[in-house]
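Q: Single-letter residue listing:
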Amino acid sequence: LVQARAAPAVPGLSRPSSEIRLLHDDTKLYLGLYAADDNIQSSDAFDVEIGARKWKVSALGTIEPPIDGAEIAFDRDGTLDDPANNDEEWVIEMSVPLTATGLQSAAGTSVRSSRCDTPKNQPTRCAAWAGTLTLD
Amino acid sequence: MKSPNVLLGLVMFTGACSSSNGAAGFDASSTRDANGTHDANGTDDAKGHSGDAGSGSSVDNLTFAVVGDTRPASIDDTSNYPTTIITKIYQDVEASSPKPSFVIGTGDYQYASTTGSDQQPQIDKYMSARAAFSGPLYPAMGNHECTGYTDSNCGSGNTDGVTKNLTVFINTMLSPIGETAPYYSEKVSATDGSWTAKFVFIACNAWTSAQSSWLTTQLADTTTYTFVVRHESVADMSGTKCAASQTIVNAHPLTLLIVGHTHEYAHYSSDKEIINGIGGAPLTSGTNYGYTIVNRNSDGTLTVTTYDYSSQSQIDSFKIKASGSAG
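Listed in order, the protein sequences are those of chains A and B.
The numbering used here puts the first residue of the first sequence at 9, with every later residue one more than the last.
The numbering used here puts the first residue of the second sequence at 56, with every later residue one more than the last.
Wrong hints could be hidden among the right ones.
Stated by the list, open to error - What follows is a list of derived Cβ distance ranges for each label pair: (1) 373(B) to 107(A): 40 to 50 Å; (2) 57(A) to 366(B): 30 to 40 Å; (3) 275(B) to 79(A): 47 to 57 Å.
As the list claims (entries may be wrong) - If we take Cβ atoms under 8 Å as the criterion, some of the chain A residues that face chain B in the derived model are: (4) 25; (5) 45; (6) 46; (7) 49; (8) 50; (9) 59; (10) 60; (11) 64; (12) 78; (13) 79; (14) 82; (15) 86; (16) 89; (17) 92.
Claimed, not checked - Below, in silico cross-link-like pairs of lysine to any residue (SDA-like), each with a Cα-Cα straight-line distance of 25 Å or less: (18) 128(A) to 296(B); (19) 219(B) to 128(A); (20) 36(A) to 219(B); (21) 296(B) to 70(A).
What the hints contain is simulated information worked out from the structure, not anything from laboratory work.
Ideal placement from N, C-alpha and C gives every residue a C-beta, glycine not left out.
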């Protein structure tokens, strides 16, 4: 099992709303990323950190640096790189081999996910969630 | 598949650690039961969608609330429906003084896959929350009452057809007010005859030539106040199939365009538009959840005030004339 404790540095919900969901089976870690976004841009991305490993997961459905064996799918409700209208959100679903995450059964591993976004006519806002994952 | 616990299964990010930065017979005074269904003694008529804006009925003063966009962040995530937020909003509206005669919904009451079965449970949660307000609810259709996509277009003969999302919306939310189609209008007037108002609900995600003709007819009906309710804003039109609706609106008198879709509050005086999408859906800006109250003043102007549902503090307040210009 994976266990985690949320460790928010600043209380309160993020705005724009952002979520991360985590599941696993015996071989893979599954991540769901949700981003409310009124102006979806190619440069929009989540930063995901598991231990010392860091990836950037974008609204284009890309993972940088690439992960061998990873699978990713995306859904966007809005128009990419078109600020003329209001977009709603983008969602990422991805799976990563547990071996690529560094997650181990005994020791807890720090996990952090963050995102910055600039809503139209508003300042850039950033938010993050951090916790500890442990595979029993 | 394993999920360790709720905290990990669904983690809401924290912080905002900023870096740099046709209808006939509208009766606002009729009574309905707690579920929004007709009271046995109610006076609402069954309404069709002819070009007749209806004779309406009368109220002492024009006071109504606006609530918009209530849904979970993720599709079919009924267990995380924002029930607490929308219930508090309706409780606040009920406690407002003067109490609004009715509530207008700007759309999106669900986030359900069209092939799934979460539509009814989510709409039921909304209607249970809405029962905290004892007056009628007049809901506009949102894109999530079609397929969920902004550019979706539902209805018989349209690209996306009659989805389960649309059917549940009509059967559960429009049926209590006697409507059978997602576009409709309501009319109300002063008991002393000093003013009249029409509320024209556009279904942008069920756009047809028939609705276009209907809209032109409705807006040609002369009233003191004209409120147009549509889910998508002026800025959203290029991403929808109903851009023509804005052309029609622009060609007629308008007091206020009331929209949602974007999960924020905003006022664009140049478009005579307010965006209220802060009814529980994931927020896209710094605005907190809340609701809007529109109240007619003795001089005929309208005060439009939006409140934070948590603190009851004012998010915004402005005054307009019947023409929509600043009051």
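Q: Determine which of the earlier numbered hints do not hold for this structure and return their numbers in increasing order.
A: Violated hints (numbers, rising): 1, 7, 8, 9, 10, 11, 12, 13, 14, 16, 19, 20 and 21; every other hint is consistent with the structure.
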